[in-house]
Amino acid sequence: MSKYQVNLKINNMPIAVEEGTTILEAARKLNFRIPTLCHHPDLSVAGNCRVCVVEVKGAKLLAASCATPVSEGMEVLTNSEKVRIARKHIVELLLSEHNADCTKCFKNGHCELQDISSEYRIGEHVFLDLVKPESKIQDISSPAIIKDDSKCIRCQRCVRTCEEIQGVGALGVINKGDQQRISTFLNKPLNEVVCTNCGQCINRCPTGALTERNYIEEVWNAIYDPTKFVVVQTAPATRIALGEDLNIEPGARVTGKMVAALKKLGFNKVLDTDFAADLTIMEEGTELLTRLKKALVDKDETVKLPMMTSCSPGWIKFQEHMFSDMLENLSTCKSPQQMFGAVAKTYYADKINIKAQDMIVVSIMPCTAKKFECERPEMRDSGYQDVDYVLTTRELAMMIKQAGIDFNKLEEEHYDSILGESTGAAVIFGATGGVMEAALRTAYEIVTGREVPFTNLNIQPVRGMEGVKEATIKIKNVKPEWAFLEGVDLNVAIAHGLGNARFLMDKVNRGETNYHFIEIMGCPGGCLGGGGQPIPTSPEIRQKRADAIYSEDEHMEIRKSHENPEITEIYKQFLGQPLSHKSHELLHTHYKPRNRY
Amino acid sequence: MEKTLKKVDIIFEINKSCSPIAVLDRTLQRPADEIVLDLIDSGLKGRGGAGFPTGLKWKFTRNETSDVKYVICNADEGEPGTFKDREILDRVPEKIFVGMTICAYVIGAREGYIYMRGEYNFLLKSLQKKLDDFNAMLTKKEIDFQIYFNSGSGAYVCGEESALFESMEGKRGEPRNKPPYPTVAGYNNKPTVINNVETLVYTTMICHMGPARFKALGTTDSRGSKVFSVSGDTPIPGIYELELGMPLQDFVDEFGDGDAKAIQVGGASGHCVPRKKFNDTIIGFEGIPTGGSMMIFNSSRSMYNVLHDYLEFFTEESCGQCTPCRVGCQQLLKGIEAVKKGDKPPTYLDDLKKLTGTMKIAAKCGLGQSVGNPFNSIVDNFREEIIY
Chain A
339 MSKYQVNLKI NNMPIAVEEG TTILEAARKL NFRIPTLCHH PDLSVAGNCR VCVVEVKGAK
399 LLAASCATPV SEGMEVLTNS EKVRIARKHI VELLLSEHNA DCTKCFKNGH CELQDISSEY
459 RIGEHVFLDL VKPESKIQDI SSPAIIKDDS KCIRCQRCVR TCEEIQGVGA LGVINKGDQQ
519 RISTFLNKPL NEVVCTNCGQ CINRCPTGAL TERNYIEEVW NAIYDPTKFV VVQTAPATRI
579 ALGEDLNIEP GARVTGKMVA ALKKLGFNKV LDTDFAADLT IMEEGTELLT RLKKALVDKD
639 ETVKLPMMTS CSPGWIKFQE HMFSDMLENL STCKSPQQMF GAVAKTYYAD KINIKAQDMI
699 VVSIMPCTAK KFECERPEMR DSGYQDVDYV LTTRELAMMI KQAGIDFNKL EEEHYDSILG
759 ESTGAAVIFG ATGGVMEAAL RTAYEIVTGR EVPFTNLNIQ PVRGMEGVKE ATIKIKNVKP
819 EWAFLEGVDL NVAIAHGLGN ARFLMDKVNR GETNYHFIEI MGCPGGCLGG GGQPIPTSPE
879 IRQKRADAIY SEDEHMEIRK SHENPEITEI YKQFLGQPLS HKSHELLHTH YKPRNRY
Chain B
184 MEKTLKKVDI IFEINKSCSP IAVLDRTLQR PADEIVLDLI DSGLKGRGGA GFPTGLKWKF
244 TRNETSDVKY VICNADEGEP GTFKDREILD RVPEKIFVGM TICAYVIGAR EGYIYMRGEY
304 NFLLKSLQKK LDDFNAMLTK KEIDFQIYFN SGSGAYVCGE ESALFESMEG KRGEPRNKPP
364 YPTVAGYNNK PTVINNVETL VYTTMICHMG PARFKALGTT DSRGSKVFSV SGDTPIPGIY
424 ELELGMPLQD FVDEFGDGDA KAIQVGGASG HCVPRKKFND TIIGFEGIPT GGSMMIFNSS
484 RSMYNVLHDY LEFFTEESCG QCTPCRVGCQ QLLKGIEAVK KGDKPPTYLD DLKKLTGTMK
544 IAAKCGLGQS VGNPFNSIVD NFREEIIY
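Protein chains in written order, with my numbering: chain A, 339 to 935; chain B, 184 to 571.
Be aware that one or more of the hints could be misleading.
Claimed, not checked - As a list, the in silico BS3-like pairs of lysine-lysine whose alpha-carbon atoms are at most 27 Å apart:
1. B:242 / A:341
2. B:361 / A:398
3. A:930 / A:845
In short, the hints are calculated from the structure, not lab data.
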C-alpha cells in the first residue's frame, strides 16, 4: 500500500513527507537539528526525556517530536520561545538529578547530556541538587560493566536495548516517582543476574551511567614493567572501527595504522586474534565433520546436532542462562581470543623463550563480554590466566590519544610473526555470518577437495543484516573418505543479537528445524556491532563496518583458514592435528548451566 | 442564566418501574447511531476530570474498523479527595454494567473490563456476584458481550487511560505517547472506549430519560449534574449529586463549617480557590472543572502543609518516566521546603512557577501537566503562608 504524502511546515519551511513520519524525522530532512536523549535509531520510541519537544501551532501542549507523527497542515516551530524555555528547563532538571562530576567521568567528552548542556550553556543552574548519596555507590560487581545510577537520566535506552535487541531483560525499571531507577532482578548486582556482559547497553547509554570496566592503567603498568613481556592481540572487528574514535569516518580499514600505534604504545609483540580465528576454523570445522560422521555413519544418538558456534562470550552466557539444556550442542571450541591466550602462553612462549609467568597477554576486542570471558575459570589451561587484560576498541583509542600519537599520520605496519599471519576467512569473523562462511570455505574443501561453489569465495547467502539467515549447501562429488556426506544438504542458520538468537533457539527447541550448524553472535551485526566498539552505533554505521570487513577479506592474499602457513606450522610442530589430545587440552572446554534470572 | 446549588437524584435513583435491565432492553432495540446522537445532544462530558464529550468518544470508536474493540470502565478512582465511584460501584453497579453494554452495542465490542483500584478490592466479593448474574443474563439474552474485573495495584498514574491499558496488559503502568488516542489504539492497541464509572451511569440514565431532561440541567458548557465528594472541614462530609454550574459560594454556604478559607476543587491535581474568590467561581467546565473532589479547608489549616502534602503525593506517584514530571515534582517539593527554611529567597517561588509552566506543556501525561494547578493557585493566593 502506498503511503500518503503529508504536507506541513517546519519553521515556516514547507515539506512533504510520508504519513507516519515523525516531526523529528521531517525536521532532520530540512536539516533542523532537534536535540534528543531517549531517542535511538536502534530502539522503539520512548518519548520520555522530553528534550525534543517542539511547538505545534494551535496545540496547547508541546509535542515530543520523536514520538509525534506529522499531520496535514501542521505548523511546527523547533526553536520558539516556549520551546527554548521548556528545553532549557528540562536539561536543567536532568542535570539537577545527575552527578555532574564530568572531569572524573569515563564518558567525559563522549556524553550526550554534556553536549546538550554545553550547547545551552547551562552553568550555575537554578534548581536544587537532587543526587541521592546512595546512588553514587557504583555496581562494580561485573568484570565487564560498571553501573553508576548517579549518572542515569532514566531515558531507558539500556532497558529497551536489553529487552528489544537482546531479549535478555537483565535491566528493568523499578519503583516510581522520585525513587524510579534502572535496576536488576531483586536489585541483585550485575554479576549475579542474567546480564550477558554484551555491553549493548553501554553503546546506547547517553551518559556515564553504564560504562565498561576499563583496564587502561593495568595495561600501561604492564607495558612499563620491565619484567613483563607484553603481547597484544587484536580482534577482527577492531581494525574496521577503531578509526571512528580517532576522527576517521565509519567504514575505514585502519589495520596497518592500528598495528603501528600498538607498537608505538610499547607492546613487545603485536599479534593477531585472526590467527586464532583460523585455528578456530580448523578445530570447529573438524568438530562439525566429526559430529556429522558420528551422527550419520555411527548413528550415535549422543551426538548433538545442530552444532552451535562458541566464539561469542555473550551468547555463551546467554545460553548458559536460557538454553542450558542445549549446552551439549555448543561447539567445545574456545573463542579465538582464548585459543590465542592458551597458545601464546605455551607454544609461543616456548618459541620465543619467555616464561609463561612473565608474559602478559592483552586483547583488543570489540567486546565487553570478553572481559568476563578471560576471567572465567575455564580459561586457565596454560597454567596461568590465558588472557590477562581485555581492552575495548574504545579503550585502545583512549590509550592512543593519551600517548600523543597522531593516528592519521602513522605509517602502516605489519603484525609481528608468529601468531600474526591470518586470512580473509579470519577477518570476516567480525561480521554476522563470517564464522559460518569461513567454516564452509574450509570444511567444503576438506570434504570435496574443491573450493566452495560461490563466486570469488563470497558465500552471499550467509551475509547481510537480516536477523536470522538460513542457507543450504549441497555437498557433491566428495572425496572417498567423506562418502557418507555425498549428496547431503548441509543446512545452516545464522543469528546475530541475542533477541534473534532466542527466536532461532526457540525454533530449534520446538523441533521445527533441521539445521546441522548454527552461528550465533551476541551483538547486532556480529562483533562489528559489539559492546566495545566506538559510540555511536546505528544500522548505517554497522553496515559501513560490515562493508569494510568484507573489503578487508577481499584484499587478503590468503582467504581460507586451512591455507594459513602459520596454522600448518602449529599443527606440525605442536598440536598434531585438529581435535588432538593437545588441542583438547588447550583449545576446547565445556560450559555449565546458570540461573534463569 | 445564574445557577444556584441544586441537589439532584439521577445517579443513585432507584426507579422500581424501570430497572437498568429494562433500559438496556429498550436501548438495544434502537439504532446505534441514534444512541450516539442522543449522547452528543445531551452534552455529556467525561466525569473523570478531563471532560471529553462522551458521545464523540463513542462515535470515533464506532467509526474505527476493527475485529476487536473494547469497553473499559475506569474505576481507578485515585484522585485524593474523590470517593464517589466507590459509592456508585457499591450502590448501583448494574447501571455501570448496562452503560458498558450499551457502549459495546454502539461500538461493536465483545469484551468489557472494569479496572478497579486495588484499594477497592473489598467491594469485589459482592460485586463479582452481581457481575456474574449480569453476564449470565447477557448470555441468556444472546447478547455477545461479557464484562470482567481487573484490579489495579495502587498506582495513581494508572488512572491515566493509557497507563491503565499498559497495566491491564501486564506491563509497567506508564502513560503512552499520544497520538494514537484510545479510540484508535487503546487496550491491546485496539479501538477502545474508556469511560469513568460515573460517566457510564449517566449514559445509562440518558438512555433512560432522554437527552432533553439531562440537558435541562447545568449550563451550556457543563450540561447535567455531577456527583461530588465533599470532605475536609465540613460538618456533613459525603457524596452529593449536584447540578453543574453553581457558584462556589453556594457550595460553601451549604457544606462549609462557617470558617472556610479555601476550597481545593478537583482534588490534589485541581485548583485551590481562596475565600475572596468564592463568589466569582463557577463549578463547571467554564469555571473550574472537577472530577468530583471538593476539599474544604478552614482557617486552622496551613496551606503550606496542604501544598506540601500534595507535592509529596505527586513526587511519589509520578510514574517517573518523563523528566518534567519526575524531576519537576521533586524540585517543587524541595523548593518550597528550601523557601520555608530560608535556604532560597521568596523569589525562588517565581522560578518554580515558571517551571510549572514547562511541566504543564511538556510533561507526557495529565499527571505532570496538572501539578502546576495546585502549586500556582496555592502559591498565588497564600504566598505568605508558604514563605513564613
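We went through each hint and held it up to the structure:
1. B:242 / A:341: Roughly 26 Å separates the two Cα atoms, so the pair holds.
2. B:361 / A:398: With Cα atoms ~13 Å apart, residue 361 of chain B and residue 398 of chain A stay inside 27 Å; holds.
3. A:930 / A:845: 22 Å, holds
This entry satisfies every hint, going by the numbered hints stated previously.
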